[in-house]
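Take the two lone chains and join them into the complex the hints point to.
Here the protein sequences come in this chain order: V and A. Residues in the first sequence are numbered from 1 upward in steps of one, following the working numbering. Residues in the second sequence are numbered from 316 upward in steps of one, following the working numbering.
What the hints contain is simulated information worked out from the structure, not anything from laboratory work. Check the hints yourself; a few may be wrong.
[Stated by the list, open to error] Non-contacting residues of chain A with respect to chain V, defined by C-beta distances greater than 12 Å in every case (computed):
no., residue
1, 322
2, 369
3, 370
4, 371
[Unchecked claim] Partner residues aside, some chain A positions facing chain V, computed with beta carbon under 10 Å:
no., residue
5, 359
6, 360
7, 361
8, 364
9, 383
10, 386
11, 388
12, 390
13, 408
14, 445
Note that the coordinates shown come from a computational prediction; the quantities given were computed from them, not determined experimentally. Where is the CB? At the ideal position from N, CA and C, for every residue including glycine.
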Amino acid sequence: MGSEAIWLFAQTFTSSFQASCSELASRLKAANTGSVHSIAGEIQALNKRLIEATGRLPSYDQRQCELQLTALDKSLDELRSSTAGKTKFAFKRKVKTPSTETATPALVITPTITARTTYSASRTISNRSNCHLSRSCLSGISSSTDQIEVSITNISGSILNLLPSKDESTLFANIISLSALHISDIQDSILILGHVDGSIMLHNLTNCVVVAGCHQFRMHNSTAVDAYLDIASNPIIENCDHVRFGAYPRELKQPLVTINDHTNLPFLPQDFSHIRATPSPNWRALEQDELVHDWSLSENHCTLQLENALPRPKA
Amino acid sequence: MGLLTIIRKSRQKEREMRILFLGLDNAGKTTILKKINGEDISSVSPTLGFNIKTFIHRKYTLNIWDVGGQRTLRPYWRNYFEQTDAIVWVVDSGDRMRMRDCREELHNLLLEDRLSGASLLVLANKQDINGSLSDLEISEALDLPGIKSHNWKIWPCSAVTGLNLIQGLDWVVEDVAHRLYYSSTNYS
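Excised from the complex, chain A in its bound form (with noise of 0.2 Å):
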């Protein structure tokens, strides 16, 4: 190993970015990862623990974490909170019933001391269903406004098709990079 791979090496961890994928069951968080490393997304089951995904995106290493929602995992959300830079939270925006819900899991989230300051996008999954609900109506239902913790911003977007997976990954890694990386964003 010669000393320009060092460098290289040692620059690249710089870059990295550890990015937690939450939300309610059936929101498409594990859909979202596929569609966006161009794998299949047709036979994804139900997660049962979690999933890494590492890649890179606009010269940053994303370290995704995805968790299962299942009601019974959601206590184990918090042995992925250290060192969070962003949460990206998922909403299946066709489930009116379990709206509520979805706010009182977010808001509780974020009262969590170790995720302060991580930055939070919001994706509204499923847009290309007819009969969910806008980016605009789940912001009021989860209360988007009401937060000031958080640097936040919500899109509209389909794993299915693709919708804005990109747009919204792009705003989370600015955000972040902003955050940690303002010297080197300039002259990159």
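Isolated chain V, as found in the complex (with noise of 0.2 Å):
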């Protein structure tokens, strides 16, 4: 077969494949539980047929296909699991709850297991909005010098910053390293991080700015997030939109960071949801005229400084 020949295949192939797809999940949304197992008969059809043109396929047409399937596939479980009940979770579900009755021992264990995780919910930055945080709210979580993780949740319209100051309160938050920070569910807030002596794992930012040095950067179902990031290794995005990286602020140079003279990024971030050749739509790295300069977050002009530096500033 020539490559013309080829190429034709792949075009008629994906474009029939695409249609029965979507004919089925249109199908599978208004489905019940008569129709489910003549469903299932094409899912399974159409799956042999992709796997006969493997080989004829562009690797991507391959994957999106199978992808498509893997959703159709859910999809039906999800429907089956709704109208019939007897499937394998429900009955794992049935086998776990007499597990937990006779295992005394697990219920000996819990009270300590409380105790841990109050201990450790004092790690967590949460539920604030409008506000200015400084690395004094770490005070008094740890004894230790030792390496800790800090999660950070439900933050909206604020600033956090975890630089060390000269300012007392900090004083002893100072000496505390960061190694691991989990943060989700932000909006319109500014984040400075410092220098994480770890990764960094974000979930569901918007509207966000994030300052930091860490050694992984993962970002995940976040849209408009400005990243300033000093990083050896590549920071990743998945699922996100309107990004936008650019190298770590010299105006926030600590002694462990380093900072170099590149106009262009001095690291690579990847689409996860974007795996090919061409580059990604979901983000660019930020142009020189974008860049904030101005990082002197005092409290008193808070909403003047999230204005000013969010990637989308209220009308």
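Structure, rendered in structure tokens:
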């Protein structure tokens, strides 16, 4: 088969495959118990067609088709479990309940776990809005100078500055070393995270600025985020859009942070939602005139600073 | 190639194990493998795709497949299930928010026919970080005692300090060897 014929085949195959998939998807939405069986059969047939076409499709198309099939399978499973109720999952639940009842040692352990959770809950900065948070909110969480993990959740319209400062209230907090951050559900905020001796994990950020030095940076399900990073590995995004990357700002330099003078990004972001040769539409580098230079974040002008720095200021 | 080489090669082949490293993203799968091999861990990027590592451990050749854990990559895990002798499930012990997610992914994995019989080693990673859940807490959170289909064990470990990495690997190799090469472990 000539390359043109292969291309033609791939074209027709992909479009007819897409059509069948969307048709099945719409039928699944309106399906009842009776039609589950026939739909399952058709998904199988579709799967067979795809396997037969292996080698004649571009690998990206092949993957996309596989993904669609998986999605169909999943919604079919959901439909099955909602209509039939006697699935593996339901069966497992039934097994689980008696096992916890019989396992008395588990009940003995429970108190210690609750104690641990409350203890560790103090490492969480959460449920704040419209305020200015400094490193002092880390004080009192640990008596040791160990590497610690901090979770930051549910913050909106705020500035969080974890950089060590000369302020006395943060003296103790200054010696704490952060080694992992788990961050989720942040809106319209500036997060100055400073140096993290490990990885940063972010979920559900909207309209935020993040400044950090770290080993690894992963961001999921977020939109309109400007990330200023000092990082030796590739930062990654997954299921994100309107993300802009920039180098760690010179103005917030810490001894640990290396600043290079590149106008280009000193790191290469990867978009796991766009695994192909073309550039990802979900991120770009910040242009020179878009970079924020004024990082003198005082408590007094919180709203103004947010307005100036956030990627999507309120109109 | 002499006869001895051929014999040696075939014996080596017999003593191969295929181990799959899985877990959510940010668990530390790649970092653990790099640490075990004495490589630099300071610039490990999130895995796009997979890495293969082959090395000898306790007279067994381990073929280790380290597959990326990002959500977009998880549907591809199944491509690596064939002929797997052991699963190493790596957990970020500090990631309280996603323990549920972690439990569901693990239990879904164990339903897979092609993985039936494989030994399961759970590594509660990042124990060097203050605030991480203990192995006991992870065991509860992931409902490990509820696993009857696989021979499992959990080890608290740290990819940064190297704590328990070798011990964990020892357990899993021992467990697979006991199953596959029972006669040969007896005299070796």
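Okay, the hints, checked on the actual structure:
1. 322: 38 Å, holds
2. 369: Check passes; 24 Å lies beyond 12 Å.
3. 370: 23 Å, holds
4. 371: 29 Å, holds
5. 359: 6 Å, holds
6. 360: Constraint on residue 360 of chain A satisfied, holds at 4 Å.
7. 361: Holds, about 5 Å.
8. 364: Because about 9 Å separates residue 364 of chain A from the closest Cβ in chain V, which is inside the 10 Å limit, the hint holds.
9. 383: At 8 Å from the nearest chain V Cβ, residue 383 of chain A passes the 10 Å test, so the hint holds.
10. 386: 6 Å, holds
11. 388: 7 Å, holds
12. 390: 5 Å, holds
13. 408: 9 Å, holds
14. 445: Holds: closest Cβ of chain V sits about 4 Å from residue 445 of chain A, inside 10 Å.
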